[in-house]
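Fit chain F to the given chain V structure using the hints.
What follows is the residue order along each chain.
2 protein chains.
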Amino acid sequence: MPELRKDPVIKRWVIIATERAKRPSDFGTAKTTEKKGGFCPFDYGNEHLTPPEVLAFRSPNSKPNEPGWWIRVVPNKFPALDPKIKLRRKGMGMYDVISGTGAHEIIIETPDHNLSMADMKRKQVQEIIWAYKDRYDVLSKRDGIRYVLIFKNYKREAGASLEHSHSQIIATPIVPKRVEEELEGAKEYYEYKERCVFCDIINQELSDGKRIVEENDSFLAIAPFAARFPFETWILPKEHKNNFVKISDNGVSQFAEVLSSVLKRLKKALNDPPFNYIIHSSPVNDRGKEFYHWHLELIPRLTKVAGFEWGSGFYINPTPPEDAAKFLREVEI
Amino acid sequence: MPELRKDPVIKRWVIIATERAKRPSDFGTAKTTEKKGGFCPFDYGNEHLTPPEVLAFRSPNSKPNEPGWWIRVVPNKFPALDPKIKLRRKGMGMYDVISGTGAHEIIIETPDHNLSMADMKRKQVQEIIWAYKDRYDVLSKRDGIRYVLIFKNYKREAGASLEHSHSQIIATPIVPKRVEEELEGAKEYYEYKERCVFCDIINQELSDGKRIVEENDSFLAIAPFAARFPFETWILPKEHKNNFVKISDNGVSQFAEVLSSVLKRLKKALNDPPFNYIIHSSPVNDRGKEFYHWHLELIPRLTKVAGFEWGSGFYINPTPPEDAAKFLREVEI
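Read top to bottom, the protein sequences are chains V and F. Residue numbering for the first sequence follows my numbering, beginning at 1 and increasing consecutively. Residue numbering for the second sequence follows my numbering, beginning at 1001 and increasing consecutively.
Pulled out of the complex, with its shape left as it was, chain V reads as follows (with noise of 0.2 angstroms):
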């Protein structure tokens, strides 16, 4: 069974997944995003190699799990938290540890194994925003259910490991170390300012225009000021609003655009490049309504970029935001 153990000094937690273990030999030659031997679980005519869908948006005479669908949610067939398992916390010596309870699920963005997110039509990335609300709006309702993680993996080097388009959700019993400090991050600026932080991120880079990507009525693309990344990016609403699901019907739209074009431009501009994205919301409780603010952050995965970073909390980027800025802004898509 996975469990969350908790760093007894920084206090991270990690899922330790047992249900996935892997042993030496698994590591170095795995090369599974290839297709093998024509096969893909995600694919139609596939529908019962996964557990059973949660959610799907298809034809009106098709039926559950069989094809006509072109989203479909299913939870993960090795899930890293599991709705089956109850909640527990116990100590094991000075450490501390909460069973593996949660949820896992696999949001399949298209019915074409060959197509990915950048080259989808803006109503099918708009679909797919969709079904993260939905998803987000019954997990975040359960027991026992602190955090809900909305990310996705693009290619093997991002740590995909089907390279059919999709996205992944993670319901949690704890709240995210990186989340727990922009929030207090965040608390500490509107305690000092009575301004969110990122309202004033997002005035400040309107009036500068040197790190805008991308922008529409609703929502700003930029290559954040202390970028850890060559090309990382950053989407957010222009509108102050703390938790991803109070997105509005309009407010899908218009991320589903700048999103769109987002992932156009890296695409060109970076010759398809290994990403990976996560939605940064509020915790469930509506904890930060005042001072933080949902974003996206995307991270292409770029060759010989990173090291001992991800070791020490300290980065290097050679990559000036500005001059990133510049050159995908001037892509043309």
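Don't take each hint at face value.
[Said to hold, decoys possible] Derived CB-CB ranges, DEER-like:
| no. | chain 1 | residue 1 | chain 2 | residue 2 | range |
| --- | --- | --- | --- | --- | --- |
| 1 | V | Cys199 | F | Ser1161 | 32 to 42 angstroms |
| 2 | V | Arg89 | F | Glu1239 | 53 to 63 angstroms |
| 3 | F | Glu1290 | V | Phe57 | 41 to 51 angstroms |
| 4 | F | Ser1062 | V | Glu184 | 46 to 56 angstroms |
| 5 | F | Gly1093 | V | Lys141 | 33 to 43 angstroms |
| 6 | F | Phe1057 | V | Tyr192 | 44 to 54 angstroms |
| 7 | F | Arg1089 | V | Arg195 | 20 to 30 angstroms |
| 8 | F | Glu1184 | V | Glu239 | 27 to 37 angstroms |
Hints are computed from structural coordinates only; laboratory data are not their basis. C-beta: ideal position from N, C-alpha, C; glycine also.
Relative to the frame of chain V, chain F by itself:
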């Protein structure tokens, strides 16, 4: 000129290294760990191609910046931080910036181009640690320096741009965020328990036994209880000391013994994996004397591991540390 920029939300400092600025075309193709046409600036006879050495262990009849050395420390030719830059703090709108003052040096660990640290004699590893200590001592006494970071990136996948065995030292005008977090966590624990959290970890691990990888009189190597990565390994001095520079003469030799064995085990168990290690030490002003405890953290960089984790601070580790430790312990070296 390089500069340090602070993230206004979570207060992470990032070096924006304009001197090593990369264009988009620099990414995705570079695979430069191999010796290009047989040429390497760290080999005997090429000493004039690096900046002049700041330290060398060499035979008495040899001359500086000529062959005859067995360890050589030189400033990085493309430094992330530079001692020639004057410390200057400024605001840019809402953002904070510090000029890129500091130091960035390379420890060339051997004249033998093809020798990796795992295969070195223990005496040579000892000499490397002596070089770390010597340079730590010099750099930490410079004006404006708040932290000295010693680390090693092994292989391209872990961020090394040259294959010739080397480590790096960066001296910074700020304390890295991860260090601040460890100091804070350790301080809180100390205030609650009146004991060092790392000393408690050592005692708990010695009595549990399950996560021990290697041990001698003065050092303990463990797979940490809440390991983020498969085969993550920490090496801790058994005696409480906040700062690496306080290591004793005998400590250097004992540390070399454990580090050397751990590297041999990893090499054999995981087919010579890429890795990063970082020495975690207190800041230079002796902060954390009672409650901080220096140690080394080693992260093997195994295929398909990681992804969204680095952006969220939330990790999924598919290999329980108990399994990793058992496997490493049982490898014959």
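Now the hints, each set against the structure:
1. The supplied range of 32 to 42 angstroms is met by cysteine 199 (chain V) and serine 1161 (chain F), whose beta-carbon atoms lie about 40 angstroms from each other.
2. Look at arginine 89 (chain V) against glutamate 1239 (chain F): about 34 angstroms separates their beta carbons, and that is not inside 53 to 63 angstroms.
3. The given range of 41 to 51 angstroms is broken by glutamate 1290 (chain F) and phenylalanine 57 (chain V), whose C-beta atoms sit roughly 59 angstroms from each other.
4. At roughly 54 angstroms, the beta carbons of serine 1062 (chain F) and glutamate 184 (chain V) sit within the given window of 46 to 56 angstroms.
5. Checked against the hint of 33 to 43 angstroms, the C-beta distance between glycine 1093 (chain F) and lysine 141 (chain V) comes to roughly 40 angstroms, which is consistent with it.
6. Against the hinted window of 44 to 54 angstroms, the Cβ-Cβ separation of phenylalanine 1057 (chain F) and tyrosine 192 (chain V) comes to about 51 angstroms, which satisfies the hint.
7. One distance hint, 20 to 30 angstroms for the beta-carbon pair arginine 1089 (chain F) and arginine 195 (chain V), holds here, with the actual separation near 23 angstroms.
8. Taken as a hint, the range 27 to 37 angstroms holds for the pair glutamate 1184 (chain F) and glutamate 239 (chain V), whose Cβ atoms sit roughly 34 angstroms apart.
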